[in-house]
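Kindly produce the complete structure, drawing on both the sequences and the hints.
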Amino acid sequence: MPLNNERPTSTSRSEDQGSDAESSLASDLDCSRDSFNSDGSSKHCTPSSSPPRTLPRDEVMEAGRYLFNLKLVHEIVVGDVRAELSQGSQNSLWNMVRQNLYKAFWDKLESELNEDPPEYQHAIKLVEDIREILLLFLNPGANRMRTQIMEVLDMDLIRQQAENDALDIQGLASYIISTMGKMCAPVRDEEIRKLRESTDNTVTLLNLLLLVLIREIFRVLDLMKVDNVNSTIEILRPLLQRNGVEYQRQLFQSILDDLPTALNRTTAWIQSALEELLLASVRPEKPDDAGKGQPPLPGPIQILNAACLRFLTWDFSKTLVPETWVMDEYRLEEIQRQLRQWETVNEVLLIVHSKIGGPIRGASSLSDRLKRMISVLLEGMHKPDSNLEETLEGVSAQVCSELNKSLIERSCPALTPDQQATLTGQICSISQKENPIRTLVEDRVQQYFRLLLSDPKNQTKLEEVSASLTAIKPELVAIGKTFISLINYNRAVYGPFYMDIIRKLLFGSSPPTPIPHQQQAPNCHVSHE
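With our numbering applied, the sequence shown corresponds to residues 23 to 551, in that order.
To be clear, the hints were calculated from the coordinates, so they are not data collected in a lab. All residues carry an ideal CB built from backbone N, CA and C; glycine is no exception. Some hints could be false.
[Said to hold, decoys possible] Have a look at the derived ranges for each label pair, beta carbon to beta carbon:
1) Pro162 to Arg237: 28 to 38 Å
2) His144 to Leu115: 24 to 34 Å
3) Gln121 to Asn186: 30 to 40 Å
4) Asn165 to Gln121: 33 to 43 Å
5) Ser490 to Asn117: 31 to 41 Å
Structure (structure tokens):
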């Protein structure tokens with residue numbers, strides 16, 4: 023897909039061609055721009071930028087274009103982005119207005135074709151639009167096909183034929199559909215076949231059928247536009263993967279040039295991590311260490327690791343992410359959701375094995391069934407209207423049922439009502455943050471990710487999972503790979519900006535002062551009140 027002010031070398035397109043398809047790619051651009059421009063920090067100056075000023079509208083618009091390109095390139099390189107036709111919500115006002123306008127347009131065209139004699143003016147204009155779309159699909163060097171299309175779909179000739187009641191409707195429709203068949207992707211062959219069948223019946227090829235044909239042709243052309251956009255994405259992806267880091271860094275620098283406050287939240291995020299590390303360093307581990315000298319300053323990687331680790335517990339509903347992470351915010355949220363779900367699965371399994379013990383020890387098939395069942399029941403536990411305690415009550419009932427079935431199969435007594443009540447109470451109690459089982463699992467997960475961040479290139483560390491997390495090891499390893507991959511790519515792009523911020527925080531005119539031991543450690547989340 024062409025970026026702003028750029029055109030691909032293999033295809034010729036106008037801005038109109040990919041408008042519908044690009045809408046799905048840019049649907050969250052406004053959200054990203056709002057999040058990017060929102061100043062959630064109480065700071066108004068960053069170490070790497072000048073004080074804020076009132077920006078002219080042109081500079082804001084230019085920064086918006088850079089942001090669009092930055093997001094588009096990032097999604098192509100990092101994600102499996104594909105264009106889709108944007109249908110919108112069925113009940114949305116936009117969709118209802120759109121459907122009413124479409125219906126009014128086609129109803130008007132139908133009434134014109136049903137007149138005696140038929141009025142072809144608007145139908146011919148649609149044929150002209152079809153011709154222009156077909157021309158857009160051509161490669162720049164396809165001169166022979168371009169000439170043929172212009173000759174067959176000669177609008178002046180078609181108008182003269184319509185005025186003299188000599189319009190060859192079937193011939194025009196057949197040529198258009200045949201040309202579409204030469205240009206479309208194989209996945210659209212079935213759609214082209216259906217269009218061809220519509221033109222084969224010469225008896226029913228009346229003006230009403232012409233209306234249906236034109237409407238169907240436009241529908242298939244829209245699908246072909248999406249295919250064309252996706253084809254361009256696949257062409258661009260290898261190039262962007264080779265040069266994406268440097269290109270995204272340049273785009274972000276352009277944004278920073280237009281918006282000097284574009285690193286405010288990033289600076290606050292790094293500074294919070296630094297202050298937390300300084301606080302931890304001045305807290306003596308042993309009484310004998312209290313009188314020793316000033317501890318060394320943390321290194322840049324240590325600071326960034328501490329900052330990134332906070333994303334695992336970040337409150338995305340209340341706190342905006344740093345500007346350098348805006349493009350990956352939804353990925354971070356998904357990692358956090360998956361992690362919390364599998365933590366809860368692990369907590370339930372620990373409680374079950376601790377409570378039941380011997381009768382189910384070594385029953386790997388039972389553990390696998392419980393794991394799958396619990397994970398399914400916990401789907402949606404992060405939704406705003408979800409009640410975790412009620413969800414866990416349902417989990418408890420299913421767990422007790424599955425346990426009783428397994429115990430009976432092993433010729434063991436089923437759980438008594440008191441045992442079931444105790445088990446249910448313990449499982450439901452993990453909805454409380456201070457629950458010891460929950461605290462243990464969360465601490466072990468934090469240790470696992472801290473170990474990964476300490477040496478992200480060491481693949482063996484991915485498999486070094488605590489014994490208390492063995493039940494969810496495959497899922498934890500998969501999440502760890504995704505998390506480390508995001509962090510590595512983010513640092514490759516924004517590393518120079520991070521280093522500049524850290525250098526000025528550590529060695530600037532007013533480096534951060536360690537907070538006294540009596541005070542509470544600062545939260546790395548920035549207030550947005």
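How the hints compare with the structure:
no.	hint	verdict
1	Pro162 to Arg237: 28 to 38 Å	holds, 30 Å
2	His144 to Leu115: 24 to 34 Å	holds, 27 Å
3	Gln121 to Asn186: 30 to 40 Å	holds, 37 Å
4	Asn165 to Gln121: 33 to 43 Å	holds, 40 Å
5	Ser490 to Asn117: 31 to 41 Å	violated, 49 Å
Taken one by one, the earlier hints fail for this structure only at number 5.
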